[in-house]
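Participant: Going down the list, the sequences are from chains A and B. Note that the numbering used here has the first sequence beginning at 1, numbered continuously upward. Note that the numbering used here has the second sequence beginning at 159, numbered continuously upward.
One thing to keep in mind: the hints can contain errors.
[Unchecked claim] Below are the DSS-like pairs computed for lysine-lysine, each with C-alpha atoms no more than 30 Å apart in a straight line: (1) 15(A) to 194(B); (2) 130(A) to 463(B); (3) 799(B) to 917(B); (4) 347(B) to 556(B); (5) 463(B) to 347(B); (6) 923(B) to 347(B); (7) 130(A) to 194(B); (8) 347(B) to 917(B); (9) 581(B) to 556(B); (10) 148(A) to 799(B); (11) 799(B) to 923(B); (12) 917(B) to 927(B).
If you are wondering where the hints come from, they were derived from the structure by calculation, not from laboratory data. Fair warning: this is a prediction, and the values are worked out from it, not measured in the lab.
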Amino acid sequence: MKHAALPINVAVNGKARAAEVEPRLLLVHFLRENLGLTGTHVGCDTSQCGACTVHLNGAAVKSCTVLAVQADGAEVTTIEGLADGADLHPVQAAFQQEHGLQCGYCTPGMVMTAAHLLETQPDPDDDAIKHALEGNLCRCTGYVNIVKAIRAAAEQMR
Amino acid sequence: MSTEQNNPDSLIGASIRRVEDPPLLTGQGCYVDDVKLPGILHVAIHRSTHPHARIVSIDTAEAAAMPGVVCVLTGDDTGDLALRAPMLTPDMNMPEHPVLARGSVHAVGAPIAAVVAESRALAEDAAAVIGVEYDPLPVVTDAEAALEDGSPLAHEELGTNHCYTMKKENGDVDKAFAEADHICRLHMKSPRLVAMSMEARGVLAYPDPIRNELTVWMSTQGPHRSRADLANSLGFPENRIHVIAPNVGGGFGSKGCVYREDVLVCHVAQKLNRPVKWMATRSEDFLTTCQGRDQAMTSELALSKDGRMLGLKVRVVANLGAYLHSATAGPPQRMLVMAPGCYQIQDVRVEIVSAFTNTVPTGPYRGAGRPESVLNIERLADKAARDLGMDTLEIRRKNYIQPDQFPYRTGVNVVYDSGDYEKSLDEALRLSDYDRLIRMRDEARERGELVGVGVSTFVEPSGGAGFESGAVRVDRTGAVTVLTGSSSHGQGHETVWAQVAADLLKVPMESVVVRHGDTIAIQQGTGTFGSRSAVMGGGALATAAERLVAKAKAIAGNLMEASPDDVVQVEGGFAVAGVPERNVTWRQVAGAAHAKGTPAGMDPGLHEIAFFDPNREAWGFGAHVALVRIDADTGELTIEKLVLVDDIGVVLNPMIVEAQVHGGLAQGLGEALCEQMVFDEEGQPRTGTLMDYAVPRASTMPPLILGETETLNPFNPLGVKGVGEAGTNGAPPAVANAVMDALSPLGIDHIDMPYTAPKLWRAIKEARKG
Chain A
1 MKHAALPINV
11 AVNGKARAAE
21 VEPRLLLVHF
31 LRENLGLTGT
41 HVGCDTSQCG
51 ACTVHLNGAA
61 VKSCTVLAVQ
71 ADGAEVTTIE
81 GLADGADLHP
91 VQAAFQQEHG
101 LQCGYCTPGM
111 VMTAAHLLET
121 QPDPDDDAIK
131 HALEGNLCRC
141 TGYVNIVKAI
151 RAAAEQMR
Chain B
159 MSTEQNNPDS
169 LIGASIRRVE
179 DPPLLTGQGC
189 YVDDVKLPGI
199 LHVAIHRSTH
209 PHARIVSIDT
219 AEAAAMPGVV
229 CVLTGDDTGD
239 LALRAPMLTP
249 DMNMPEHPVL
259 ARGSVHAVGA
269 PIAAVVAESR
279 ALAEDAAAVI
289 GVEYDPLPVV
299 TDAEAALEDG
309 SPLAHEELGT
319 NHCYTMKKEN
329 GDVDKAFAEA
339 DHICRLHMKS
349 PRLVAMSMEA
359 RGVLAYPDPI
369 RNELTVWMST
379 QGPHRSRADL
389 ANSLGFPENR
399 IHVIAPNVGG
409 GFGSKGCVYR
419 EDVLVCHVAQ
429 KLNRPVKWMA
439 TRSEDFLTTC
449 QGRDQAMTSE
459 LALSKDGRML
469 GLKVRVVANL
479 GAYLHSATAG
489 PPQRMLVMAP
499 GCYQIQDVRV
509 EIVSAFTNTV
519 PTGPYRGAGR
529 PESVLNIERL
539 ADKAARDLGM
549 DTLEIRRKNY
559 IQPDQFPYRT
569 GVNVVYDSGD
579 YEKSLDEALR
589 LSDYDRLIRM
599 RDEARERGEL
609 VGVGVSTFVE
619 PSGGAGFESG
629 AVRVDRTGAV
639 TVLTGSSSHG
649 QGHETVWAQV
659 AADLLKVPME
669 SVVVRHGDTI
679 AIQQGTGTFG
689 SRSAVMGGGA
699 LATAAERLVA
709 KAKAIAGNLM
719 EASPDDVVQV
729 EGGFAVAGVP
739 ERNVTWRQVA
749 GAAHAKGTPA
759 GMDPGLHEIA
769 FFDPNREAWG
779 FGAHVALVRI
789 DADTGELTIE
799 KLVLVDDIGV
809 VLNPMIVEAQ
819 VHGGLAQGLG
829 EALCEQMVFD
839 EEGQPRTGTL
849 MDYAVPRAST
859 MPPLILGETE
869 TLNPFNPLGV
879 KGVGEAGTNG
889 APPAVANAVM
899 DALSPLGIDH
909 IDMPYTAPKL
919 WRAIKEARKG
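Take these sequences, add in the hints, and give me the full structure.
Facilitator: Here is the structure:
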């Protein structure tokens with residue numbers, strides 16, 4: 001049911017955004033529908049797949065599990081905000097180099113999860129990488145090259 | 159598998175990084191749900207909560223009155239609008255498949271009413287308040303049960319649950335069985351699986367009433383076939399429908415056909431003259447998108463006492479679910495061409511019986527009947543060896559079709575192109591250090607541990623289901639465009655076709671652009687499924703490129719005042735043989751081709767199209783070896799080693815091929831370890847979300863060793879065979895055989911997949927009790 005809109009202010013990819021949103025609006029829909037940032041994908045309806053992962057105040061979160069109003073006053077980084085202009089983030093570059101994506105649908109979530117992992121854990125072993133990916137599903141790659149890419153990115157970033 | 163290039167001068171065989179990646183990595187991909195149009199309306203669907211019921215009444219009044227709701231449709235509004243499947247046999251039974259239910263529903267999730275609203279949220283709000291009164295009917299969910307006398311009917315009006323029966327017989331099967339020393343029998347079921355592409359299905363239709371046209375963005379594996387299916391269902395001209403497959407987030411077979419929502423959305427858009435979109439939620443995808451496998455197989459293998467396979471009988475009972483999509487009835491038929499696998503068995507009888515049940519329709523899912531066929535013969539081979547007290551390798555070696563027998567006509571009257579199964583097996587044994595694995599197993603067994611080694615060898619037919627198209631065009635400036643009917647959804651066509659075209663034309667890869675997934679831009683096409691792209695799309699592209707080069711040579715000869723026979727290809731263009739300084743570039747040739755520079759009698763332009771159909775499948779093959787350990791206290795299964803050797807002829811891009819193997823393998827392991835769509839006895843889905851349906855995660859993947867052998871396909875211009883389904887074919891039987899080997903000391907000789915811990919724990923407990 002429609003409820004009175006609430007005002008929110010969110011810094012998305014470094015840009016201040018003000019909006020009035022329904023209280024029930026999910027962050028992922030705010031990003032996709034209100035801001036047109038369609039790089040963040042919806043892959044399930046039970047918070048399992050991780051395709052919608054973004055950074056909220058520096059932490060990787062599933063944006064289908066956060067209300068837009070909860071992001072009021074927060075900083076959000078989406079896949080569109082990860083590269084520095086034409087320079088890909090090392091995780092993005094490594095995903096291409098190691099062929100860590102096929103259909104590309106889970107990729108934004110995978111990249112955001114991996115980028116956060118490497119900020120908190122600069123030298124994860126394969127088990128740590130796989131553990132970090134518990135909340136991200138991929139149906140194309142068998143994860144083999146995703147893990148390889150994250151390892152390669154870690155090396156690049158150290 | 160090496161990711162290095164075999165021939166450093168050739169782009170074919172090089173692990174070129176994918177050109178399609180940068181947009182996908184930066185959030186600039188464009189999937190159906192990302193397409194923005196002004197004035198889009200959204201559809202939400204009220205679905206049946208009953209697996210089988212008559213609809214007594216539908217109350218849409220409250221929904222229709224809600225804010226933002228444009229209209230609410232039921233089956234009374236959509237009438238005869240329906241999906242149609244091909245008749246495979248003259249007496250095939252076919253239930254009605256209306257886009258919205260008409261009087262009854264036959265599976266949970268069947269669409270009853272559609273709400274069209276200004277936003278998706280409003281549409282969902284309204285769909286939720288629609289009231290439906292049901293008169294529940296008896297339910298059947300299991301195909302074997304559905305074929306028994308007195309079974310509840312999945313469709314009352316059909317009067318039977320039987321869809322079709324197909325039979326094939328070769329040689330003298332009865333004689334082979336009469337002369338056999340031993341008959342090995344096995345009954346097994348392959349679990350029902352969910353394709354679970356990460357992007358659920360979706361469709362956006364944009365009508366243009368002034369021009370009488372319809373543009374449709376669809377998450378599809380085959381836009382041209384979808385266009386024809388939409389035209390047939392809508393009764394709207396095919397040539398006025400423009401289907402676009404933008405980025406497609408996986409399909410694995412499930413997005414090969416048109417679904418009810420696709421037709422419904424097009425219909426609503428045309429009716430309202432507004433763009434209309436529907437995106438499946440994951441839960442809707444679980445309830446409506448074609449699922450895979452769910453076949454019961456009853457087999458008998460006749461053997462001589464020294465292990466020669468003399469005859470084979472297979473009866474397949476396939477669960478088709480409640481409705482027939484265009485491809486639903488297809489996968490079970492795979493057994494008709496694959497039953498004997500890698501083996502010389504000439505006396506073969508196969509019977510396929512398919513049945514309707516009150517479950518989600520089935521259809522192609524990665525492998526699409528291949529994994530079932532491979533599982534059947536490879537489990538049989540293993541059990542036969544065990545029955546006869548033979549080594550599992552020896553029985554395989556004794557019965558393999560031999561390299562000098564190709565092309566080989568099998569016991570189901572199909573010709574395999576080429577193969578060397580023993581070489582593949584030997585490579586897998588070498589890479590797995592097989593003798594050591596067996597020693598380790600035996601030592602572990604001495605200690606009372608449940609450890610097993612399993613082998614599978616398999617064939618993988620690829621490239622069936624009609625033609626594929628390919629075109630190569632060189633424009634005035636020498637820019638090269640490839641137009642392929644083989645529509646990519648993650649397989650890397652934009653990279654690989656550019657590699658192939660650049661290689662054949664001798665131009666830089668960067669100068670080639672690949673177009674696909676658009677029925678206006680692309681001449682015609684069939685699509686990407688069944689491991690067919692390299693074989694069919696590649697064959698079409700290579701044929702078109704060959705024709706183009708021939709024409710370009712004639713034009714170059716004209717420009718250089720040389721006979722076309724004396725013209726040779728050089729990097730970037732053409733030269734007179736032996737006179738390298740007499741040369742022209744592609745740009746010069748293309749310029750001439752478009753400005754009266756063609757030889758007398760030759761049409762202008764540089765645009766060649768090929769419709770390629772070798773009228774035979776390509777038979778890739780391979781061997782897998784698995785080492786597994788089962789925790790006797792918990793039933794937990796661990797794959798400690800998995801070796802995969804694939805032979806797919808020429809490898810176009812090793813990096814991409816290897817990743818296809820990884821992906822197929824993950825899905826194969828999903829089947830073996832954890833995935834199963836379950837319906838309870840009342841027909842309610844028990845695994846309808848990702849909370850309950852176990853898709854492999856990163857931590858599911860065991861250590862892998864990949865290997866390859868190369869046996870060329872003599873019937874393909876590129877020498878290639880398909881690889882997309884290799885992992886789903888070979889891995890499950892290797893794991894199954896390893897699990898059964900591990901459990902053999904307990905006297906267990908067969909358990910159906912998936913090998914979840916509770917299932918194995920129960921089996922171990924039962925066996926120990928006994």
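Participant: Confirm or reject each hint.
Facilitator: So, going through the hints one by one against the coordinates:
Using a Cα cut-off of 30 Å, the hinted pair residue 15(A) and residue 194(B) holds, with the two alpha carbons roughly 22 Å apart. Under the criterion of a C-alpha separation no larger than 30 Å, the hint pairing residue 130(A) with residue 463(B) is inconsistent with the structure, at around 49 Å. Among the hinted pairs, residue 799(B) with residue 917(B) is consistent with the structure: their alpha-carbon atoms are about 22 Å apart, no more than 30 Å. For the hint linking residue 347(B) to residue 556(B), the alpha-carbon distance of about 27 Å falls within 30 Å, and the restraint holds.
Restraint check: the Cα-Cα separation between residue 463(B) and residue 347(B) comes to about 28 Å, which is no more than 30 Å; the hinted pair holds. Under the criterion of a C-alpha separation no larger than 30 Å, the hint pairing residue 923(B) with residue 347(B) is consistent with the structure, at around 22 Å. At roughly 36 Å between alpha-carbon atoms, residue 130(A) and residue 194(B) are farther apart than 30 Å, so this suggested pair is violated. Pair hint residue 347(B) plus residue 917(B) holds up; C-alpha atoms about 14 Å apart against a cutoff of 30 Å.
Restraint check for residue 581(B) and residue 556(B): the C-alpha separation of about 14 Å stays at or below 30 Å, so the hint holds. Between residue 148(A) and residue 799(B) the alpha-carbon distance is near 19 Å, which keeps this suggested pair within the 30 Å criterion. With a C-alpha separation of about 26 Å, the suggested pairing of residue 799(B) with residue 923(B) holds against the 30 Å cut-off. Under the criterion of a C-alpha separation no larger than 30 Å, the hint pairing residue 917(B) with residue 927(B) is consistent with the structure, at around 15 Å.
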